[in-house]
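Residues per chain are reported as follows:
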Amino acid sequence: MRKKSLLALLLSLSMIFALSACGTSSSGSSSTASGGSSTAEGDSSAAESEVPSDLTIAYSAIAGSDLAPWTGAIWNTLQSECDEKGWDFYPLSAAGSVDTQAEQIESLIAQEPDYFLLFAGDVNMAVDWVKEISEAGIPVIMVALDVAEEGQQYVSAFVGPDQEAMTQKVAQTIIDKNGADAGLNIVCISGVPVQQDYIVREAGFTETIKANSNYTILDTQYAMSSRDQAKAYMEQYLSTYGDKIDVVMGYDDDLTMGAIQAIDEAGKTGEIQVYSITGQNEALTAISEGKLEMTVMNRADLVAKKSIDVVEALAKGETVEYNQPTELTYIDSTNIAQYLGTGEF
Amino acid sequence: MEKKQVTALGGVNYRKLLVDNNSAVILLILLVVGVFGIDKFIKTFPSVVVQASLYGLLAVGLGLVMITGNIDLSVGYQAGLAAVVTVMVLNATGSLAIAVVAALAAGALCGVLNGFVVTQIGVSPLIATIATNYIFKGLTYAKTSTGSYSPTDNSLKDTLKALYDFKVVDGSKFMTLTVLIVAVIFILLLFVLRKTRYGNSVYITGDNVEAGEYAGIHTKRVAMITYILCGILCALAGVFMASRSGGAQYTQGDGMDVLAVSICVIGGIKMTGGKGTMVHVLMGLFIMRIITNILNLVRVEATYMDLTSGILLIAVLIIDRFTSRKKA
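Heads up: the protein sequence lines correspond to chains A and B, in order.
Residues 1 to 345 (my numbering) make up the first sequence, in order.
Residues 1 to 328 (my numbering) make up the second sequence, in order.
These are computed hints drawn from the structure, not numbers from a lab.
Some clues are possibly wrong.
Covered, in the sense of this in silico footprint (three residues per stretch, anywhere, with C-beta under 8 Å from a C-beta of chain B), are these stretches of chain A [unchecked claim]:
# : region
1 : 81 to 94
2 : 98 to 109
3 : 231 to 240
Note that this is a predicted model, so its numbers are computed, not measured.
Ideal Cβ positions, reconstructed from N, Cα and C, are used throughout, including at glycine.
Using the sequences provided together with the hints, build the complete structure.
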């Protein structure tokens, strides 16, 4: 019997190391989506020099494909871009935990990469992280979310969408469409309360609504990146506020689709205006069916490709501008025909 | 059926030794694999020690509770709540010392609540501490719902951060204040459990409550004290977590309860109580941290850490079950 026990132990250990092997060989699926320029805006007048083919790129992300399709798409595109260039890619996902991310950053620094891509879960904690990475002599590029201002001195560039401007524009669209004095009631569904991208998106939306209209935001709930939970919150909103709800704002298409499903099931499609961001295919279809007013296509593959372009420019010795914004496309019923089916996922 | 007794050298039963100390064997294997098979393993080892110290405080506290035959599934959010209290009091008073004392007091109160519900009301420790975990989580969330809860000005933040960054030995990567404090607590508890009457009563409470009562031991009081000690140790971990992050975070206590249980069980603390030492906790702690470090170094996603911990935990429990049955 004891032999069996030891066998069980050895089997478990071998599984652990088999998993380890899986981790090193995973390549992720390549994103085939096209669209938008992905060139780093920098000083192209610098002398052209060869980019070394043996670069190692570390990537620390608050989430990969484990939490949301958008973060997974960045991960996969970075992987395929590095594979294409023959660079070693060292990615680690913290599965939503900033403490895990802090530990993983230490591990990645120890692996002495040539460049460090950081998609931080907390812009304030990231100040210490970028300082530490920079002091180890590794250039840092912020991906998707910038570091807090005091940390920017340690960072070479920030590549990503202006998340705040994105939701500001959605809010302004609602106001322009309905009039600033319409006294609309809005309910919101967000993702993870501690995740900085959601915090920034919420700030952009709520501040614009408060500053430019007499609308009321009745409630905001956090569905923790779960469509099912988003649907449950929408059902709760409908039973609590009933006909009071005029507008639903979803801070991620995946969550918004949960809300749309609840509205559909309650027979309220067309009575409530729904707005969203991300640019998922399902959301584009919902626009074409009249279930969603607007979404903002915020392509993860552009963020990843532009990050790699920045690395390439830095490796050539070029100077790059700090802000490297990625393109945002506002899609509604007027231009949906052009974009239907062009989402990344 | 052939039954071999492996007592070749000096009457020592090596097979029994191996099975009884399976955590030491796992640790040894991991160290060998790490040192000889994983690039940069030695270089990253100091950070393993520093990171282990935070989890160590939770595991030591929980280990004490488990030796009395109880469980505490609220350790993570006791630490999370203490991190919030640290920042709150630091903001209010500007004194780190007062903030630390307040956090430890909050931890002790959490321990009193757990101990009271379990020992005085008689609720199952599993259910009771799941319930209190929700309470502590709710209180933590009340202050961190917007992401993080930080000191109001930068000088206070620097003061808070200095605690975790403080190096006891200049230039040393792992001789930090946290590591030193955890080492002292380990040694102290090792001594208390082995050499004092209280330590003895902790084991008797876990091994056989009735026998303990007959022997004049106030087993409920012993259990209550271990819950309070556990709360204080979790609070200390919370103080260091806040110091490391420069504030309190909603996710700080998340998953720590299961991790602490895994550390204790993999190390060799028995779920049934009455067995295990601080050395077992230490071994479990390093097993878990080294696995995490190895998986990080070979770039496995964080989600697989849970899978790995689960597999290892099941393996240890299987071994534990078979060996316990044999002894019975």
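Verification of the supplied hints:
Under a criterion of three residues with beta carbons nearer than 8 Å to beta carbons of chain B, the stated coverage of the region 81 to 94 of chain A is upheld, 5 such residues being counted. With 9 residues carrying a beta carbon less than 8 Å from a beta carbon of chain B, the region 98 to 109 of chain A meets the three-residue requirement, and the given coverage holds. Here the region 231 to 240 of chain A counts 0 residues with a CB under 8 Å from a CB of chain B, which misses the bar of 3, and the coverage is violated.
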